[in-house]
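There are 2 protein chains.
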Amino acid sequence: MPLIGKMLIAQGGGPTAVINESLVGVIKEARRNPNVTHIYGALHGIQGIAEEDFVDLAYETEGNLECIAKTPGSILLSTRVKPDEAYLMRMFEVMRHHNIRYFLYIGGNDSAETVRIIKEFAQREDYDLMAVHIPKTIDNDLRENDHSPGFGSAARYVLQAFRGVEKDNMAMGGIYIGIIMGRHAGFLTAAAALAQQSEDEGPHLIYVPEIPFKLEKFLDDVERVYKKFGRCTIAVSEGIEDEKGNPVISQLVEDEVDSHGNVQLSGNGLLGDMLAEAIKKRLNISRVRADTFGYLQRSFLGVRSDVDAKEAREVGEVGAKLAFKGLSGSVVMRRIPPYRVYYELVPIEKVARYSKSMPREFMNKEGNFVSEEFIQYARPLVGNDIPEIAVLRSPPIPKTFLVKHGEDVE
Amino acid sequence: MPLIGKMLIAQGGGPTAVINESLVGVIKEARRNPNVTHIYGALHGIQGIAEEDFVDLAYETEGNLECIAKTPGSILLSTRVKPDEAYLMRMFEVMRHHNIRYFLYIGGNDSAETVRIIKEFAQREDYDLMAVHIPKTIDNDLRENDHSPGFGSAARYVLQAFRGVEKDNMAMGGIYIGIIMGRHAGFLTAAAALAQQSEDEGPHLIYVPEIPFKLEKFLDDVERVYKKFGRCTIAVSEGIEDEKGNPVISQLVEDEVDSHGNVQLSGNGLLGDMLAEAIKKRLNISRVRADTFGYLQRSFLGVRSDVDAKEAREVGEVGAKLAFKGLSGSVVMRRIPPYRVYYELVPIEKVARYSKSMPREFMNKEGNFVSEEFIQYARPLVGNDIPEIAVLRSPPIPKTFLVKHGEDVE
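Just so you know, the sequences run in chain order A and B.
Quick note: the first sequence uses numbering that gives the first Met the number 0, first residue 0, plus one each step.
Quick note: the second sequence uses numbering that gives the first Met the number 0, first residue 0, plus one each step.
These aren't lab readings, by the way, just hints derived from the structure by calculation.
Remember, it's a predicted structure, so these values are computed and weren't measured experimentally.
Misleading hints may appear alongside valid ones.
Identical copies look the same in the list; a pair holds intra-copy or inter-copy alike.
Using 25 Å as the maximum straight-line C-alpha spacing, the simulated PhoX-like pairs for lysine-lysine come out as follows [what the hints assert, rightly or not]:
hint : residue 1 : residue 2
1    : 324       : 243
2    : 69        : 213
3    : 320       : 5
4    : 324       : 309
5    : 280       : 213
6    : 81        : 309
7    : 309       : 69
8    : 280       : 216
9    : 398       : 227
10   : 226       : 320
11   : 213       : 320
12   : 349       : 226
13   : 355       : 213
14   : 324       : 27
15   : 27        : 355
16   : 309       : 364
17   : 364       : 213
18   : 280       : 226
19   : 27        : 226
20   : 398       : 5
All chains, please: the whole structure from these sequences, using the hints.
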């Protein structure tokens with residue numbers, strides 16, 4: 000017997016470009032289900048539950064829902080709160096009062112952990128609640144998932160950024176470093192490699208958190224590329240760690256730690272500036288530039304992977320279908336090669352709390368660029384109709400002036 | 000009598016997303032003109048002339064030219080070299096040897112100055128050379144021009160960035176600072192205002208180089224907005240100056256100066272980090288994030304203003320037409336309100352060397368946001384089909400739990 004009651008949806012953790020696709024997938028599926036009496040949204044994730052801060056999503060027009068789906072950021076607002084015992088008790092009093100029977104939470108591994116705790120608490124309290132976690136993260140580090148909604152669009156932003164900036168760096172000559180998000184997983188930084196249309200084009204070097212970062216090796220790599228091409232374009236993960244496993248950036252900043260124990264890595268330019276300085280000093284190259292891509296890579300409006308957007312919609316839709324069937328857990332994405340996606344529900348413990356790293360075989364042996372396996376893995380995720388960049392194919396004009404005057408012709 | 004000879008084209012200064020549109024506009028016009036015997040491209044701007052580093056652009060296919068037009072960065076590569084007497088002498092020896100009779104140079108005010116010097120030298124040497132400057136700059140600071148090719152696309156990038164990041168900042172709560180390019184002119188930073196679809200949406204505050212920056216006033220502004228909306232999204236120009244006219248950032252970095260005497264402002268995150276620290280300390284707000292937009296705003300692939308792209312093509316085409324008529328000077332863009340564009344040739348001195356600032360009336364009286372005049376001015380430049388962001392319009396659910404338990408309902 001399916002439960003009759005209200006559905007509550009919320010969003011947790013850092014937003015993505017397509018997290019609202021999942022929200023709209025859930026809402027539209029809920030609208031089709033007669034057992035769902037009301038569709039509530041909790042504002043600021045589980046904070047909205049504890050504070051009884053709900054909105055009635057029934058009032059959204061179909062047209063506005065489709066616009067919401069295309070809007071970056073978590074439209075229901077987000078939170079990084081982790082509930083303790085007292086907080087959970089309070090949340091359940093509020094949910095019981097409102098007869099919430101379906102709870103869908105869109106987020107990463109921290110949000111999955113929250114779903115796990117809530118489901119466990121519900122069982123202990125003997126409260127019938129279907130709790131389903133809908134995956135999202137630009138870091139692509141959710142366990143059990145082939146890839147995560149949100150990653151493909153962020154990866155596409157990184158791809159388009161590197162294709163463009165490589166042409167800029169080529170025109171000006173010099174070293175360019177782009178610092179990419181990724182606390183422990185290098186997937187997004189690795190995605191910069193997809194920018195390459197021919198092997199002399201940047202990014203020429205890629206550094207990820209999974210491979211210990213050695214400054215001397217890095218400087219050697221940069222020097223070698225610079226000597227070969229007269230420029231060097233580099234993608235570096237914000238989360239790169241030294242050989243002892245300490246984030247390189249944590250040696251540069253006062254720590255700001257969130258409630259899940261994560262150090263703030265984004266929102267400052269120190270790592271890029273430090274690496275640029277090191278290159279200038281060691282290699283005596285004056286034009287060295289570093290950009291920290293920051294929040295734009297997860298929130299930039301209008302650059303999305305169509306594949307990612309479609310899948311983000313589907314994980315929401317599928318998650319709602321499963322909850323309405325009386326199931327709880329985490330929706331995960333599987334791939335059948337070369338590229339077809341299936342959704343499954345797995346026990347929430349399998350996704351919650353811990354994250355996964357990028358497999359070693361996605362990087363080359365030297366650890367300073369991706370492997371062909373990574374390219375095969377990532378290429379379908381960034382979607383279709385990706386803009387191309389041109390090269391000049393004009394032949395050089397013979398240097399007849401130099402020859403006539405007996406000057407050196409390189 | 001029109002001169003029969005070779006045409007030489009080159010690109011100078013920082014690239015834009017549409018600088019190659021102008022190049023293609025020139026090439027296609029040259030292909031149609033029987034007096035042009037050859038179409039040469041000089042690599043790395045005027046460096047390519049001194050070093051006899053030319054390519055034969057006749058070999059480019061029409062298809063590749065159209066792809067080049069859409070490629071960011073200067074495809075002929077760029078330079079910041081400023082020619083002295085010996086350098087000019089050398090350039091003329093090479094040009095004379097190759098019978099270059101038409102010289103088109105795409106660039107900003109420094110490149111216009113180079114064209115002025117070259118034309119002057121040609122007259123002194125009694126060498127028949129038509130020299131035309133084709134405008135480009137994301138800074139939008141070229142004199143005589145209503146606006147400059149390259150600005151509209153960079154402004155569109157800033158617009159889409161702020162629309163997205165405002166939603167991200169709204170979801171997470173806190174202060175967000177975006178540092179935008181602009182050495183002396185605030186146009187590009189001001190363009191962030193175009194992101195707003197309703198007045199509560201960010202950016203809430205805008206700071207430009209034209210108005211002296213006072214840290215205390217800035218912190219007061221931020222505090223006021225934060226108290227009102229629970230968040231604050233801010234656009235700050237990299238070139239903001241204190242009351243003595245010193246760049247705020249020059250107090251933070253060791254200077255790197257190029258051959259035109261310009262201090263390096265981009266390519267590091269110091270200004271954003273400094274402002275974020277000041278806010279954290281004074282206002283005791285923990286979540287303060289700063290992104291320095293850096294090179295992506297002028298080179299990001301796939302985000303362009305269709306209006307800007309069309310005009311960039313046209314300035315190239317018109318510049319070539321005028322040169323082939325035997326004229327020299329700088330092509331400028333005029334506007335007849337509300338929005339129709341005309342091109343004119345003006346004496347090169349009128350555009351060369353000096354740049355223009357944003358008119359005071361483009362900012363509000365307080366100097367912390369744009370005026371309606373600026374919006375009217377800038378809106379047509381960012382082009383059509385700009386993605387929109389949605390807001391949630393769902394009504395709040397009555398807080399019956401809180402009421403029942405006699406708790407405060409804000």
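Are the CA atoms of residue 324 and residue 27 at most 25 Å apart within a copy, between copies, both, or neither? within (16 Å within a copy, 63 Å between copies)
Pop the pair residue 280 and residue 226 into one bin, within, between, both or neither, using alpha-carbon distances up to 25 Å. within (16 Å within a copy, 45 Å between copies)
Copy assignment of residue 324 with residue 309, given that the CA separation must stay at most 25 Å: within (23 Å within a copy, 54 Å between copies)
Within, between, both or neither, where residue 27 and residue 355 count as close if Cα-Cα is 25 Å or less: Neither, since 31 Å and 53 Å both go past 25 Å.
Under a CA distance limit of 25 Å, which applies to residue 364 and residue 213: within one copy, between copies, both, or neither? within (15 Å within a copy, 52 Å between copies)
Intra- versus inter-copy proximity for residue 320 and residue 226 (alpha-carbon distance at most 25 Å): Cα proximity of residue 226 and residue 320: none, with 57 Å in one copy and 41 Å across.
Is it within a copy, between copies, both, or neither that the alpha carbon of residue 69 lies no farther than 25 Å from that of residue 213? neither (41 Å within a copy, 38 Å between copies)
Please sort residue 81 with residue 309 into within, between, both or neither, judging by C-alpha distance up to 25 Å. neither (30 Å within a copy, 52 Å between copies)
Using 25 Å as the alpha carbon limit, work out where residue 213 and residue 320 are close: within a copy, between copies, both or neither. neither (48 Å within a copy, 56 Å between copies)
Given identical chains, is residue 309 near residue 69, meaning Cα to Cα at most 25 Å, within a copy, between copies, both, or neither? within (11 Å within a copy, 27 Å between copies)
25 Å Cα threshold - placement of residue 226 relative to residue 349: neither (47 Å within a copy, 41 Å between copies)
First find the shortest C-alpha distance between residue 27 and residue 226 inside one copy, then the shortest across copies, and answer within, between, both or neither for a cut-off of 25 Å. So residue 27 and residue 226 fail the 25 Å test inside a copy (56 Å) and across (36 Å) alike.
Of the numbered hints stated above, those contradicted by the structure are hints 1, 2, 6, 10, 11, 12, 15, 16 and 19, listed in ascending order.
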